[in-house]
Amino acid sequence: LAKTTQPISMDSYEGQEVNITCSHNNIATNDYITWYQQFPSQGPRFIIQGYKTKVTNEVASLFIPADRKSSTLSLPRVSLSDTAVYYCLVGDPAAGNKLTFGGGTRVLVKP
Amino acid sequence: GAVVSQHPSRVICKSGTSVKIECRSLDFQATTMFWYRQFPKQSLMLMATSNEGSKATYEQGVEKDKFLINHASLTLSTLTVTSAHPEDSSFYICSARERAPGSYNEQFFGPGTRLTVL
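Respectively, the protein sequence lines represent chains W and R.
Going by our numbering, the first residue of the first sequence is number 5, and it counts up by one from there.
Going by our numbering, the first residue of the second sequence is number 1445, and it counts up by one from there.
Just chain R, with the same shape it has in the complex (with noise of 0.2 Å):
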């Protein structure tokens, strides 16, 4: 199957500092990328979608202000987390879908970014 790449695979950082995450997709073109969040034992959520070339829509309740997205190009997506806090700390996954699916819903998850904010 395709794959998907994070970078880095954790990070921790200070208070009030920003981190960046980044998701490519290694062995195809991605129109769309997602990003969710995971808290311990609890399921994914999903935090914004990642088109390329145009502005992310978010959840609702996700700050965009917050969480930078940017998609510049088909194979890379970022995930800005601004001004970090504590309650940010989260396992973040990213996931693509390839630039011309077949009838198939299936995304490609990315193994996931551990944030760590002290």
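Only chain W is shown next, with the shape it has when bound in the complex (with noise of 0.2 Å):
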């Protein structure tokens, strides 16, 4: 499974936009990026997968480029609900589900 690389945390006000980005240098040609959220004693949550160039959804962005070797996520006009910790995970669906969290990113939310 590719490794990835996020920044340990980050700080943000209401109502800016947050983007994470995450690297994963040896990313296979099956594997896909997906991104997790997690609040204090509770279990992820899934925000959003893609395999190139630009997937969105109601919650986030995701914006991959053309060489896939990282991946931002984007968060917009957050609020202090957003306050949590951020996971990119990247894996081959078709190879048994298995997922490797790194460390995540945690992202704070002041007013």
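For the record, the hints were derived by calculation from the structure and aren't laboratory data.
Possibly wrong hints are sitting among the right ones.
Within a straight-line C-alpha distance of at most 30 Å, the following computed DSS-like cross-link-like pairs (lysine-lysine) qualify [unchecked claim]:
# : chain 1 : residue 1 : chain 2 : residue 2
1 : R       : Lys1508   : W       : Lys56
2 : R       : Lys1508   : W       : Lys7
3 : W       : Lys102    : R       : Lys1508
4 : W       : Lys114    : R       : Lys1485
5 : W       : Lys58     : W       : Lys102
6 : W       : Lys7      : R       : Lys1458
Covered, in the sense of this in silico footprint (three residues per stretch, anywhere, with C-beta under 8 Å from a C-beta of chain R), are these stretches of chain W [unchecked claim]:
# : region
7 : 46-55
8 : 104-110
C-beta atoms are modelled at their ideal positions from N, C-alpha and C, and glycine is treated no differently.
Two chains, two frames, a set of hints: combine them into the complex.
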């Protein structure tokens, strides 16, 4: 499984856009990029997944450059409730679905 | 989205006793369930992969005789921490994958179980 590298923490303010970049230099051809959100004492929650270019849903956007060696999760206009740990994972959906969590990025949204 | 529940949400036990944690997929069938452990301020660590009707596959360094996993049905997997010790105190999280997944790598996570061993 491709290893991922993310910033340990980020601070932001309400209403701002938060961008978290994840490096995955060894990503394989069949790997997808998936982001999860975790609040304290809760299980992770799926945010978004993509393979290339740009993916957008109701909560976030995921930008993936052509070489796929990195990806950026974009959270528009964050609120205090977006304070959480965000994990970037890469893996092949057809290869057993085993997820390896890296360190994650602890995002703190301030008023 | 699909819902995964865990029971109990919190358990406190004495050292040397065994504790069973249940993981249920409430509205879908899960051929595969995963068990994770998370220590404070740390990331999730995969312990084992549980497949319905077969033996679990444990990650390196995880004692299979210590952490007994049973996946008896398509909606239930159990993790039993045997002869628990204080160092087993942790947050245990399960996840489940639907029986017929599409191209998605999505797993649905339970809310976690906080185990405290005195």
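To see whether the hints hold, each was checked on the structure:
1. For a cut-off of 30 Å, the pair hint linking Lys1508(R) to Lys56(W) is broken: about 38 Å separates their Cα positions.
2. With a C-alpha separation of about 26 Å, the suggested pair Lys1508(R) and Lys7(W) falls inside the 30 Å cut-off, and the hint holds.
3. For the proposed pair Lys102(W) and Lys1508(R), the alpha carbon gap of about 18 Å is at most 30 Å, so the pair holds.
4. With a C-alpha separation of about 20 Å, the suggested pairing of Lys114(W) with Lys1485(R) holds against the 30 Å cut-off.
5. Only pairs whose Cα atoms come within 30 Å are accepted, and Lys58(W) paired with Lys102(W) is accepted, the gap being roughly 24 Å.
6. As the CA atoms of Lys7(W) and Lys1458(R) are separated by approximately 38 Å, the hinted pair breaks the 30 Å bound.
7. Counting residues of the region 46-55 of chain W whose CB lies closer than 8 Å to any CB of chain R gives 6, which reaches the minimum of 3, so the coverage claim holds.
8. With a cut-off of 8 Å between beta carbons, the region 104-110 of chain W has 5 residues touching chain R; three or more are needed, and the interface restraint holds.
Figure legend: structure checked against the earlier numbered hints; hints not met, in rising order: 1, 6.
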